[in-house]
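Colleague: One letter stands for each residue in the lines below.
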Amino acid sequence: MYIDRLILQNFRNYDNLNIEFSPGLNFIIGENGIGKTNILEAIYIASNIRSFRNIPDSEIIRWGENYYYCKSLIKENEYRKFEVGCNIDNGNVRKKIKIDDREIKKASDYFGKLLTVVFIPVDINIVSGSPDLRRRFFDSVISKIDPSYFEVLNKYKKILSSRNTILKQLKEKRSNYYNELDIWDSMFADSSYFIVKKREEFIEEFSKLFSLSYEKIAGTDSVPVIEYNSSIKSMHRDEILSELQQRRDKDILFGSTGIGPQRDDYLFLNNKRLFVNYASQGQKRIAAISLKISECDIIEKITEKKSLILIDDIFSELDKNRRENMIGLFQRGNQVIFTMTNSGYFDSMNVISTYKRFLVNYAGITEN
Amino acid sequence: MSNPSKYLDDLIREFSKLPGIGTKSASRLAFHILNMAVEDTERLIDSIVSLKKNIGTCIICGGISDEERCSICRNESRDSGLICIVENARDVLTIESTGKYSGLYHVLMGLISPLDGIGPEELNISSLIKRCGSNDVREVILALNSTVEGDATTLYLAKILSNLGIKVTRIARGLPVGADLEFADCATIIKSIEGRVEL
Ligand SMILES: Nc1ncnc2c1ncn2[C@@H]1O[C@H](COP(=O)(O)OP(=O)(O)OP(=O)(O)O)[C@@H](O)[C@H]1O
Ligand SMILES: [Mg+2]
Ligand SMILES: [Zn+2]
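Taken in sequence, the protein lines are chains A and B. The numbering of the first sequence is the numbering used here, which starts it at 1 and goes up by one. The numbering of the second sequence is the numbering used here, which starts it at 1001 and goes up by one.
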């Protein structure tokens, strides 16, 4: 699938924007702070409802205005028109999402209909940041290729906080909640067994793709693998249940659940050595990029759909060779939208696909 | 915008507070009432007032009732050995509308939800246990939605009731996951009751 046209009203610095993209490669070039990332953000919102920058919707509305509107027209896809509108009225933010003129009310109804994979500078935190960033990344990828995972994951989150609430009540010795705890234990065992099994299967496949694309960018560099680490890895449902019941007193003492998917991590390893502990900034960047390339690969393999690729200015940390290896990797039939500050990067690239080049300045966007 | 009558304004405002009624339908209703015969408007007002005055909760099942015990609990031709457990009184109407269920009901008036501060004590459960212990109940059907709260309540009741030696079943999952009983059609409801599974 690819985005044919993007139409924005009062979105960040754009009062009105209407651009037509190439189905191949697109390069958006302009100086710092001119509004390049804002364009990727708009496309990302059409696909994920939320921005990749962790900010409230009200921030996205053009200063001095009270609404924004964003429309993406998609081709070679079952769904064609994605609209997100957001207005603010007396401090109340209201957001409306439509796919092909039908209003969408539930997250599970829009997820996976417009497939985008985004490469942004902060991706490096998936590699070197806290485990919850890795869990969030992998959860979002598995959800895209398996709607049942998304559904169970949401239930599991509610089950976990319900169980923790009961644990805290028991800690405060409030009445006979033990009967209730049994119920939550059993539901926790069911859902976490499902999740951990899916994660295990997924990582086995994903890690191979990851190592492959790392190797393609880095060449001679020795290649890390991803290992899934879980407190209940390979346990059967009943084993999880008895483990929960054995450590009940501890869980009550801490008022929280000590085992389960919420404690999982994904480790980058090279001959048992932790990648983050020795890797350079450039190597971490390559790992982050490889994660996203493997995301495209696995989505394609399982859904047989080509994601739209959004790449926000991730070239600066890489040397010339690796930059060129990367450009090669992106000419794979997907539509790609790059942003960059320096058209020099563009001139040195070996672009074989059809492409469009956009220059952004204070007068607006021009194609050239 | 200002209407020529404050009385009309008031009625439109009251109507538009009702579910599913916007300002346009509210004003259509208000104009309709304006043109109604006085006796008809009085009958309408009466029916609203008597509804509020007279409807209460059945002391047996917790459903809505005009008397101490509701018409379903009083009906001796119904199968008193079979109790269908539902979340709220509206679910009773939904299942009754199929005309195919001849047992009795028990309305929980909610579901277990620790995150909303609702535990078993907050629900209409103690009278259910009394009901099941004292007479000839042979089977209890759990007809709760398959949300996290519905599942938790189902498991909780299954455990307590099977300890009393009663057969406990839950409706078949013909309903799409998370779908409310309210939105299912008659055929689906009948099928999911007929295909109920033992817990
Ligand atoms: N709500 C808003 N209303 C108006 N303008 C905004 C709003 N939010 C951000 N901007 C403008 O957008 C600019 C940032 O745009 P963007 O992040 O797309 O820049 P960029 O071209 O990607 O820059 P860089 O090369 O530094 O990454 C800011 O300078 C700011 O002036
Ligand atoms: Mg930027
Ligand atoms: Zn009754």
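Since the hints were derived computationally from the structure, they do not count as laboratory data. All C-beta atoms in this analysis are idealised placements derived from N, C-alpha and C, irrespective of residue type, glycine included. Please note that a few of the clues may not be correct.
Claimed, not checked - Which bits of chain B does chain A cover? Going by a derived footprint, with three or more residues having C-beta under 8 Å, they are:
1. 1043-1050
2. 1151-1159
Claimed, not checked - Under the rule of at most 30 Å between Cα atoms (straight-line distance), these lysine-lysine pairs were calculated in the BS3-like manner:
3. A/Lys208 / A/Lys106
4. A/Lys95 / A/Lys113
5. B/Lys1100 / A/Lys98
6. B/Lys1024 / A/Lys96
7. B/Lys1159 / A/Lys197
8. A/Lys233 / B/Lys1159
9. A/Lys157 / B/Lys1130
10. B/Lys1100 / B/Lys1130
11. A/Lys96 / B/Lys1159
12. B/Lys1191 / A/Lys106
13. B/Lys1024 / A/Lys158
14. A/Lys356 / A/Lys157
15. A/Lys71 / A/Lys305
16. A/Lys250 / B/Lys1159
Colleague: Next step is simple, just say for each hint if it's right about the structure.
Modeller: Results of checking the hints against the structure:
| no. | hint | result |
| --- | --- | --- |
| 1 | 1043-1050 | violated (count 0) |
| 2 | 1151-1159 | holds (count 5) |
| 3 | A/Lys208 / A/Lys106 | violated, 34 Å |
| 4 | A/Lys95 / A/Lys113 | holds, 18 Å |
| 5 | B/Lys1100 / A/Lys98 | violated, 40 Å |
| 6 | B/Lys1024 / A/Lys96 | holds, 22 Å |
| 7 | B/Lys1159 / A/Lys197 | holds, 28 Å |
| 8 | A/Lys233 / B/Lys1159 | holds, 29 Å |
| 9 | A/Lys157 / B/Lys1130 | violated, 35 Å |
| 10 | B/Lys1100 / B/Lys1130 | holds, 27 Å |
| 11 | A/Lys96 / B/Lys1159 | violated, 43 Å |
| 12 | B/Lys1191 / A/Lys106 | holds, 27 Å |
| 13 | B/Lys1024 / A/Lys158 | violated, 39 Å |
| 14 | A/Lys356 / A/Lys157 | violated, 43 Å |
| 15 | A/Lys71 / A/Lys305 | holds, 21 Å |
| 16 | A/Lys250 / B/Lys1159 | holds, 25 Å |
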